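A.B. asks: These protein sequence lines are chains F and U, in that order.
The opening residue of the first sequence carries number 1 in my numbering; numbering runs sequentially from there.
The opening residue of the second sequence carries number 1 in my numbering; numbering runs sequentially from there.
Treat the hints with caution; some may be incorrect.
Said to hold, decoys possible - Listed next, with one range per pair, are the computed distances between beta-carbon atoms: (1) U:R112 <-> F:E74: 41 to 47 angstroms; (2) F:R51 <-> U:S66: 56 to 62 angstroms; (3) U:E147 <-> F:D164: 27 to 33 angstroms; (4) F:T426 <-> U:E76: 25 to 31 angstroms.
As the list claims (entries may be wrong) - Some chain U residues flagged as far from chain F (calculated, every beta-carbon gap over 10 angstroms): (5) G24; (6) P40; (7) K125; (8) P233.
The hints are simulated quantities; they were obtained by calculation from the structure and are not laboratory data.
Just so you know, these numbers come straight off a predicted model, no measurement behind them.
Built from N, CA and C at the ideal position, the CB exists for glycine as well.
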Amino acid sequence: MMNVDTGQRFDRETIIQLSQSQQEPDWMLQRRLRAWDRIGQLPFPKPEKTRIDRWNFTDFQPVQEEEGLASPEELPEELRSYISGDETDNLFIQKNSSPIFCRLSRELLAQGVLFMDLPTAVRDHGELVQKYFMTDGIQPEEQKLTALHAAWVSGGIFLYVPKDVTVETPFQVLFWAKGKGIGTFPHLLVVAEAGSDVNVVANYISDPDTEAVINGATEVFAGDNSRVRIASLHTQGQGVTEAAYRRTVVGRDADLKWIVGDLNSGKTLSDNTTHMKGSGGNARIKGITVGSGDQRSNITSTVYHWGTHTESDMTVRGVMKDQAQTILNGITKIEKGARKANGVQAEKVLMLSEEARGDANPILLIDENDVQAGHAASVGRIDPIQMFYLMSRGLTRQEAERLLIFGFVGPILETIPFESLRERITSVIERKLG
Amino acid sequence: MSTTPKLTIKDLQVSIEDKEILNGVNLEVKGGEIHAIMGPNGTGKSTLAQALMGHPRYEVTGGSVSLDGEDLLEMEVDERARKGLFLAMQYPSEISGVTNSDFLRSAVNARRGEGNELSIMKFMKQLDKKMDQLGMDESFASRYLNEGFSGGEKKRNEILQMLMLEPRIAILDEIDSGLDIDALKVVAEGVNSMRSPQTGFLIITHYQRLLNYVKPDFVHVVMKGRIVKSGGPELAERLEAEGYDWVKEELGIEDETVESQS
Chain F
1 MMNVDTGQRF
11 DRETIIQLSQ
21 SQQEPDWMLQ
31 RRLRAWDRIG
41 QLPFPKPEKT
51 RIDRWNFTDF
61 QPVQEEEGLA
71 SPEELPEELR
81 SYISGDETDN
91 LFIQKNSSPI
101 FCRLSRELLA
111 QGVLFMDLPT
121 AVRDHGELVQ
131 KYFMTDGIQP
141 EEQKLTALHA
151 AWVSGGIFLY
161 VPKDVTVETP
171 FQVLFWAKGK
181 GIGTFPHLLV
191 VAEAGSDVNV
201 VANYISDPDT
211 EAVINGATEV
221 FAGDNSRVRI
231 ASLHTQGQGV
241 TEAAYRRTVV
251 GRDADLKWIV
261 GDLNSGKTLS
271 DNTTHMKGSG
281 GNARIKGITV
291 GSGDQRSNIT
301 STVYHWGTHT
311 ESDMTVRGVM
321 KDQAQTILNG
331 ITKIEKGARK
341 ANGVQAEKVL
351 MLSEEARGDA
361 NPILLIDEND
371 VQAGHAASVG
381 RIDPIQMFYL
391 MSRGLTRQEA
401 ERLLIFGFVG
411 PILETIPFES
421 LRERITSVIE
431 RKLG
Chain U
1 MSTTPKLTIK
11 DLQVSIEDKE
21 ILNGVNLEVK
31 GGEIHAIMGP
41 NGTGKSTLAQ
51 ALMGHPRYEV
61 TGGSVSLDGE
71 DLLEMEVDER
81 ARKGLFLAMQ
91 YPSEISGVTN
101 SDFLRSAVNA
111 RRGEGNELSI
121 MKFMKQLDKK
131 MDQLGMDESF
141 ASRYLNEGFS
151 GGEKKRNEIL
161 QMLMLEPRIA
171 ILDEIDSGLD
181 IDALKVVAEG
191 VNSMRSPQTG
201 FLIITHYQRL
211 LNYVKPDFVH
221 VVMKGRIVKS
231 GGPELAERLE
241 AEGYDWVKEE
251 LGIEDETVES
261 QS
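Using the sequences and the hints given, assemble the complete structure.
C.D. replies: In structure tokens:
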């Protein structure tokens, strides 16, 4: 494989150069090469009901150096609006392959919190990273895209919160893609030790005219009794094909709340998998997707219950207009021995036009008797009787439709942890549906 | 508009799925008047209400309706509402994710028009007052629109909307069905509090019960898809005492419904 325009070689040698340029220890280079050597044998993922064989995942220039920022003020205004409030402590920004800004408050540094770009973490906290990076979360050999990620990951952010440390203000992460023919591999690794409490907001953004392949990974380890809140919000432009793999391991009595906003305008492959390992863990996964134009998206949310008394709740809603299509897959798997587990899920699609398509596929797989589980799914259009009711009170057709749409996604939007972000996302949705 | 409202219905014919339900209704409702439309089930009373509001399932096949001299049937549903027509529905929709107060504020401001919107403070004050008047708990404001409401709660919510929107012509479609006597009194008080030359009422009911609390000026009996008899409040009382059989006999009607016609 080779990028024709740039002549940059997409091969083993370039991986070695990349690793050397980031001054990585040998174990990291070996992991990259092992993944690279497997790529040929590994298949592409096969998401349920979406053909991705013509999506571009492999034609791009893998590494592009960008200059650092002295301050987030130097960002374009559009991007700054994704950063919540004036809070720029605990902020990481990556442009394409390069971390360009990272700041951690002194207080948190003193408490032992680590928040640094992945290359630095690999060098300075090798043991810790080696333990968590692409081991029990995402595994390089899952399929071709995860192997590509493992081989080419550049930049990325490592967040480590020590035992019993509570951090109120959210860690903010911004992955920004800009340019043509680029490929990026954003990686977010979060390790929340036992009893810790952490909030993370990760934004994935591209400039409107960007043409890119984005192959991202998020790994979250929620230790025993920890409390983790995370929001992943994707607002990539039309020329972007994005695969986003997210894996969480939830410890004993840990509490995970995750909101995923798949609000891209291009092609989206989104996969969110949660492993409820410890007993008594609780996970609430919410998802929202909005499609317009001739967009395609495939969004799969999976929860594996391994521990006893584990609870999960997945709620995903999609709104499709124009000729957009989405497939929402929900899988709740209760393993043998996960007694008293309770897993519920609901996927709903609202279609706003005749040509829009949606599919909701809830799947329960249960290998244990002593459990509870439930699922719901629906795919439908705007109800003309509800429209009549709202319009009979004087609301225009447009206003009535807007109320019904926001009523549909409202229960998800409400769970976005910060008001400024909620407003931002609301306006993204409004623009997409406008 | 400061003029007295006037709804004029002439020879109105309405079909549902190609089946004629109303075949020539004539009626005029003016501000300050309360008209009661009575009649047994299946005679077309609710069709009249729904067709006036513009329900998508009902097709007007003939006749005319004007509100304050303007052609009502030419207007979209929302335009009818903004001109001051209101329908308290028999089966209001449940709308998830939209709070009662957000919805009401959008509706009130739509009715008031651009540039004339109520501030949130003023709106909340008015809402509190009207909810209090109807004996509705504060929590109703933040609940999703009609979602999980009991039958009685839905009816109160319809009356709340009417009080907030201050329509010129209010149509109440079987607002009394499913209400206990206390709730009925509250609803009746709500209607009576709006009684003024600014508003005309068309109250559809098949019981006399509500009319004990809201005195109508005119009573009309609907059978076979049209008004077959009109009178004053004494007509309602006689219907309550004697039922509908004497009307049928007097007019030589054997089957009063529209369903078994054709």
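A.B. asks: State for each hint whether it applies.
C.D. replies: Now the hints, each set against the structure:
Hint check: R112 (chain U) to E74 (chain F), Cβ distance near 45 angstroms, so the stated range 41 to 47 angstroms holds. The hinted window of 56 to 62 angstroms between R51 (chain F) and S66 (chain U) holds, with their beta carbons roughly 57 angstroms apart. One distance hint, 27 to 33 angstroms for the beta-carbon pair E147 (chain U) and D164 (chain F), is violated here, with the actual separation near 41 angstroms. About 27 angstroms separates the C-beta atoms of T426 (chain F) and E76 (chain U), a value consistent with the hinted range of 25 to 31 angstroms.
For G24 (chain U), the shortest C-beta to C-beta distance to chain F comes to about 25 angstroms, beyond the 10 angstroms cut-off, and the non-interface label holds. Non-interface status of P40 (chain U) relative to chain F is upheld: no Cβ of that chain comes within 10 angstroms, the nearest being about 25 angstroms off. Remark: the non-interface label on K125 (chain U) is consistent with the geometry, its nearest Cβ contact in chain F lying 20 angstroms away (cut-off 10 angstroms). Non-interface call for P233 (chain U) relative to chain F: holds, since the shortest CB-CB distance, roughly 29 angstroms, exceeds 10 angstroms.
Figure legend: structure checked against the earlier numbered hints; the only hint not met is number 3.
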